[in-house]
Amino acid sequence: MSVLILAEHDGRQLKQATRQAVGAAQAWGAPVDLLLLGSDTATVAADAATVAGVARVLRVDAPHLAHPLAEDVANVIANLARDYKVVLAAHTAFAKSALPRAAALLDVAMVADAVAITAPNTYVRPMYAGNVHATVQNDEPIQLLTVRATAFAAAGSGGAATVTTLAAPAPSELARWVDESRSVSDRPELASARVVISGGRSLGERFEAVLGPLAQQLGGALGATRAAVDAGFAPNDIQVGQTGTVVAPELYIAAGVSGAAQHLAGMKDSKVIVAINLDPDAAIFQVADYGLVADLFEAVPQLTAALKN
Amino acid sequence: MKALVAVKRVVDHNVHVHIKPDGSAVETAGVKMSVNPFDEIAIEAALRLKESGAVSEIVAVTLGEAASQDVLRHALAMGVDRAVLVEAHGELQPLGVAKLLQAVVAREAPQLVLLGKQAIDDDAGQVGQMLAARLGVGQGTFASVLTVEGGEVRVVREVDGGTETVALKLPAVITADLRLAEPRFVKLPNLMMAKKKPIDTIAADSLGVDYAPRLKQLKLAEPPQRAPGVKVGSVAELVQKLREAKVV
Ligand SMILES: Cc1cc2nc3c(=O)[nH]c(=O)nc-3n(C[C@H](O)[C@H](O)[C@H](O)COP(=O)(O)OP(=O)(O)OC[C@H]3O[C@@H](n4cnc5c(N)ncnc54)[C@H](O)[C@@H]3O)c2cc1C
Chain A
0 MSVLILAEHD GRQLKQATRQ AVGAAQAWGA PVDLLLLGSD TATVAADAAT
50 VAGVARVLRV DAPHLAHPLA EDVANVIANL ARDYKVVLAA HTAFAKSALP
100 RAAALLDVAM VADAVAITAP NTYVRPMYAG NVHATVQNDE PIQLLTVRAT
150 AFAAAGSGGA ATVTTLAAPA PSELARWVDE SRSVSDRPEL ASARVVISGG
200 RSLGERFEAV LGPLAQQLGG ALGATRAAVD AGFAPNDIQV GQTGTVVAPE
250 LYIAAGVSGA AQHLAGMKDS KVIVAINLDP DAAIFQVADY GLVADLFEAV
300 PQLTAALKN
Chain B
0 MKALVAVKRV VDHNVHVHIK PDGSAVETAG VKMSVNPFDE IAIEAALRLK
50 ESGAVSEIVA VTLGEAASQD VLRHALAMGV DRAVLVEAHG ELQPLGVAKL
100 LQAVVAREAP QLVLLGKQAI DDDAGQVGQM LAARLGVGQG TFASVLTVEG
150 GEVRVVREVD GGTETVALKL PAVITADLRL AEPRFVKLPN LMMAKKKPID
200 TIAADSLGVD YAPRLKQLKL AEPPQRAPGV KVGSVAELVQ KLREAKVV
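Just so you know, the protein sequences line up as chains A and B, in that order. Counted the way numbering that gives the first Met the number 0 counts, the first sequence spans residues 0 to 308. Counted the way numbering that gives the first Met the number 0 counts, the second sequence spans residues 0 to 247.
These are calculated hints, taken from the structure and not from any lab test. Please note: incorrect hints may appear among the correct ones.
Said to hold, decoys possible - Computed cross-link-like contacts, DSBU-like style, restricted to lysine-lysine with a CA-CA straight-line distance of at most 30 Å: (1) B:K186 x A:K307; (2) A:K270 x B:K240; (3) B:K240 x B:K1.
Claimed, not checked - A short, non-exhaustive set of chain A residues, derived as facing chain B with CB atoms under 7 Å: (4) R100; (5) Y127; (6) R181; (7) D236; (8) G290.
From the three backbone atoms N, C-alpha and C, an ideal C-beta is built for every residue, glycine too.
Take the sequences, apply the hints, and build the full model.
What follows is the structure, given as structure tokens:
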């Protein structure tokens with residue numbers, strides 16, 4: 000019995016997080032199928048078919064899936080799931096909405112945000128803003144889970160999966176997509192960026208002006224604390240933390256970030272952490288590899304300039 | 000239109016949690032407990048819908064031991080009309096909670112069910128979606144704006160990289176994200192008044208629902224600690240370290 004992965008894509012390519020979910024699925028050593036929902040998905044299906052370790056791409060294509068709603072996605076998953084031992088997805092907003100709904104339709108419990116798979120039915124997952132790691136055993140007949148993408152290596156390319164088209168179920172009609180507003184940025188996607196520059200509330204109105212050039216210099220994404228978002232200095236979709244995006248880049252630079260547990264929950268698995276803070280006792284220094292006690296309004300531009308040389 | 004708000008009693012977000020020495024659970028004895036912050040946002044959102052005339056009655060419900068009454072008192076002090084405690088002992092997991100809430104929905108017949116997008120203790124984020132599935136209704140997860148109009152509820156949802164707006168038929172389940180509403184400050188007189196209000200208590204076992212836990216928690220542990228870092232004296236030294244580490 001194989002593994003089914005709910006894929007996420009932008010209409011052209013799979014999201015990096017889905018490749019990482021495929022990486023996580025290797026834990027079962029079983030064939031992996033990718034479930035791809037959308038409209039006009041020929042291009043992305045071709046991309047999905049090349050992911051190493053994927054046996055089949057199951058394509059469910061219909062105009063009403065152009066913006067897939069959890070109500071519809073969960074129905075598709077619940078219909079297919081009985082043929083699988085495991086159904087998983089990366090822990091994204093999309094999967095967090097659809098998978099629990101599918102689990103309830105199947106009357107099985109699910110495991111959210113697994114950071115490790117220690118046995119075919121045993122997982123480690125963070126609780127309490129990452130202050131506690133719980134090991135949980137799931138004895139349900141179908142294992143449903145979301146995985147923390149950054150905790151798993153992304154599957155590479157070179158696969159040659161077959162692409163099968165499945166009929167799309169009729170729309171649930173419980174919900175209707177109205178519109179969306181996605182932030183456009185030429186910066187890399189936060190969740191998978193190699194470098195993340197994060198700022199706190201203290202940046203004030205100068206958030207972008209101070210951090211933008213450093214992000215530009217390093218080809219990084221911007222992140223923010225909840226306090227910075229609440230104050231309106233940074234957009235909500237770049238909040239890093241327990242209740243925002245979880246990142247684990249090679250380099251995380253936290254400028255004027257106090258280091259509350261809820262923020263650390265979203266970044267402490269970064270490879271190298273730099274903290275710049277005026278307060279020598281700030282909690283962020285406890286997780287920083289390199290700490291600089293300084294005024295960020297001086298240190299960040301200096302750092303940007305020094306890296307140019 | 001009636002709204003039901005589900006609230007959970009959790010370890011306060013300011014408390015640094017400790018795991019019991021045997022790794023079986025988090026220490027909660029003598030620890031400050033509070034309303035899950037996201038549920039408090041859901042209460043506030045319901046109160047605003049009532050103030051705008053879209054909602055006529057708000058019922059708060061919680062599941063758990065008798066001690067959970069304190070989060071219902073908090074909800075009453077904020078301004079909800081009634082409170083229901085579903086008295087249940089032992090561990091509750093998302094699917095069981097969804098089933099118990101479904102039974103409460105069957106009694107109360109609300110048009111809107113609001114709850115937080117996740118509880119800050121288990122960080123599972125599943126109950127709203129599971130409840131919506133079991134009720135066979137639409138779900139508006141991670142809501143940051145809510146408007147009720149023409150038999151529909153419009154929800155602006157926080158999704159990765161931006162927002163999305165969906166329209167849901169009523170009844171529907173909504174899970175609150177941070178920006179949905181800023182919870183009001185509870186004034187002491189309101190808290191005193193709320194102490195005197197009745198709370199309906201229902202025994203979970205009388206609801207005919209199987210809410211036994213399905214997942215086995217084998218152990219709790221602290222996450223691996225990072226190796227201690229160093230403080231650098233200047234930007235130049237920082238750049239040198241970053242170059243040595245080959246990250247810039
Ligand atoms: C339920 C819940 C969920 C939450 N989820 C998240 C989450 O996902 N992500 C998140 O980030 N937070 C989250 N929080 C909020 C979190 O608890 C903190 O309040 C927040 O992270 C603090 O942000 P901050 O560091 O910007 O602000 P502050 O705590 O105000 O800290 C500002 C810091 O800037 C430093 N500073 C000030 N001026 C300068 C200067 N000129 N140069 C250098 N340093 C300076 C100060 O020394 C201080 O350390 C959550 C809270 C709750 C209750």
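Each hint tested on the structure:
1. B:K186 x A:K307: Status violated; Cα separation ~54 Å.
2. A:K270 x B:K240: 14 Å, holds
3. B:K240 x B:K1: 60 Å, violated
4. R100: 4 Å, holds
5. Y127: 5 Å, holds
6. R181: 4 Å, holds
7. D236: 5 Å, holds
8. G290: 5 Å, holds
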